[in-house]
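> Take the given structure of chain A and dock chain B to it, following the hints.
Residue numbers (the numbering used here), protein chains in the order written: chain A, 1 to 551; chain B, 1001 to 1326.
These are computed hints drawn from the structure, not numbers from a lab. Hints may be right or wrong, so weigh each one.
[Stated by the list, open to error] Under the rule of at most 27 Å between Cα atoms (straight-line distance), these lysine-lysine pairs were calculated in the DSS-like manner:
| # | chain 1 | residue 1 | chain 2 | residue 2 |
| --- | --- | --- | --- | --- |
| 1 | A | 370 | B | 1226 |
| 2 | B | 1112 | A | 370 |
| 3 | B | 1224 | A | 370 |
| 4 | A | 77 | B | 1134 |
| 5 | A | 122 | B | 1224 |
| 6 | A | 102 | B | 1112 |
| 7 | B | 1134 | A | 122 |
| 8 | B | 1134 | A | 370 |
Being a predicted model, the structure only gives us computed values, none of them experimental.
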Amino acid sequence: MFSTIRSRLIVIAVLIVGSVYFLFPRDVTIREPGPNGVMHDVTVTRVPLKRGLDLQGGMHLALELDQSKQVSADPAKDLELALTVMRKRIDEFGVEEPLIQKVGENRIVVELAGITDPARAKAIVQRSAFLEFKITDETQALEKALPAMDRTLRNLGIKSEGAPTQPSAVQQLLGGDSAKATPKDSTAADTATVTGGVLSGLIQPAMATGAGNTPGEYAVPEPAYPRVDSLLNIPAVARQLPRGITLRWSSSPTSVGVQSVRFLYALDDRSIVTGANLVDAQAQIDPLTNGPLVTFELDRAGGRKFGEETGKHVGDYMAILLDGRVQGRPPVIQSRIGRNGQITLAGRTLQEAQDLALTLKAGALPIPLKIVEERQVGASLGSDSIRKGITAGLIGTILVVLIMVGYYRLSGVLAVAALAGYILFTLGGLSMIEATLTLPGLAGIVLSIGIAVDANVLIFERIREELLNGKTVRLAVDEGFRHAMNAIVDSNVSTVLTALFLFQFGTGPVKGFAVTLIMGIIASMITAIFVTRTLFMIWLERRPAMSTLSI
Amino acid sequence: MLRFFGHASYDFIRVRRTAYVVTAAVLLPGLFLLLVRGLNYSIEFTGGTLLQVQSSQPVNVADLRSGLDREGIRGAEIQNFGAPNEYVIRARVGKPGSDANDTQITAAAVRKALDGVLGAGKYTVVRTEAVGPKVGGELRQKAFLAIFLSFFAVLAYLAYRFEWRFGLAAVVATAHDILATIAFIAALRLEVSLTVVAAILSMVGYSLNDTIIIFDRVRENLHKHKNESLVQILNRSINETLPRSILTHGTTLATLLALIIFGGAVIRPFALVMFFGVFTGTFSSIFIAAPVLMAIQKRWPGAAARGHLNPKPAPAPPRKAQPAGR
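With the rest of the complex left out, here is chain A (with noise of 0.2 Å):
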């Protein structure tokens, strides 16, 4: 096979027009958020050489179901269901070539590159955009309970004098776990006038106070909300409200005369429709207030529901969930509600709407997820990394053709010809399974020039021996190829093993490192093997009458 010099002038031509196709710039299409917000396509002509996240810049990041506050009963679904919604989600978030993939059994690994707002995308990320519509409570369930609840709260040992010393017993109390959940000064609580019971005198109803009348809304300091938050987690004393009512908080403060308040709201624990039943939400503008608001629609069967329950609760106030966190104040059901509404964000930036509408599209996660890894690099870090590692590819390179010119001379300089080859090779063959080359890949392809020559260090020492035993040129160049190929296969085998063992176990740099690694092995093996000595062949063929080689 390949015997002759043209059939293997004309593989090796093969080998470098595809090696030069496969890197030649090409125009590619990105998607990308535009000035107004807007999802479009631009196209940039470059390199198809895919970098890693080192050094392009952007964030890793590999999430895990959180179940410290709900335990799911499937979590292999529960994780599926996550993937599709964080592809849907990351989709509308529009990032050049995202990387979503499930990682193991119970990891979502999520590879953004060249994002310029990482605290957003890790929002976006995290958010469980789980949106709920309930109708507030008309009972007056938690003004019955408190009384109650003080009671007990009593008999717990927990007393509403002394007020200083108070929240490190609570704490103690409560464990670590919600102390966690509380992570705000727990202190601010001593700051609260506290008058009767611990929560009769931190709880009150709206409507008593004369921030408004929505019936199931109660005000509370705004200082005292972590402190109220942990005690009314507390088992025993979260018994004490009726079945079917549930206690939400909402989602930001709120000012009523000097004070900063919390709203508390007592709900119907029923939700009368969920953002399952979502199919479209928008951002706008309210033309009124100026304030963001997100519209959303509803599909037929949610449409219906929601239909027929607003129009059972006419006159009635409805909250407005998302992640567990009531949105503004409840407003009142006017009329039948269809298949449309809408959500007013009041004080929040109109990037804040358009987020939310993005996630309450792309469906609510199923479990909260946790952040367990994350890492993030700067563009301008990528860049000055990539060039650093060119710089010294190219010194190193400069050395290796000296140490080979000056040991080989005219030898040498095949050789050097092979490592040109080397280099176009490996590249072409990188881009071409479309591999990434990360920071530690672009070491290993400067480090591989250096050991690329070894397979030609072994063929030309093995020509120099067979020469000083006296064989003739001709035959000294065939036995040295001959002999020096077992210990060329050898050792490359027991190399690729390594990078096998490194590709299995590491993470994304690693395993760049290690498919550079071993494409670096196959263009070397196919470089010193067959490209030397092609030309090897040529020389001989045009000097047959050479008789000393100089190698």
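Chain B alone, transformed into the frame defined by chain A:
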């Protein structure tokens, strides 16, 4: 023709005891340091938070530290990284009960501290890593498993291509390289990151490569010189492959030097570990793999075990028996 060590005929096997002493002199202090100080694992393995910060003007480390203390981040490592206005701040996960959420909270607290010390907008965070302790633990396990399994794969391949005695000798030499490299890492207080583990595995590949090339020559010479003892064959094989070793190590070291000097701070540990690996790999191929192969052949004689394995007195250097035509 320029040729280094073209006619070398050193008696490598005879000095093996001296070589063992050298090995012990390197390994024992290194392993002592390893036991006393332990390895400096990166946050990828321990779990924790890392922020690389570029500030518009040089920063006083003490100011930075007191700022971090105010935010409740104690014992954070602050390290100058490349330029005087560039810092890496590492806060490891300390307490065992902490979870991934804490690393996120820590990252936010570090940013707040930076806002206080440097002023908001006066700095850029160019790199962030926040790794939960569970992920870190898994990674550490996987790294050890990868190194361990690659051992067996190589042993199996060499057993198939040569025979198990050669495979075992190569693996002993590789184990030596890994120990020596870890000792080196402990001595230099290099941070053990994923990239450094990658360097250790590539060093393993490189050193094996070297050992295999010598063994390949041993296999060939066993057929070619049927009247020589194993000791002579080993010495001959090492000497014959010496010019190749010098040249390949030379070019490899040249590229590594380029990486160390010009490759940047992120890649430097990788290049340093590989640089050391080239030396220990060369040493172990000659002074560990070959004598161990001899010891194995002596204990469990195979086809290659011939001649007097324990030469007394030292045999004549093998090359001198060759015709003067070389």
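> Just pull the numbers of the violated hints for me, sorted ascending.
1, 3, 5 and 6
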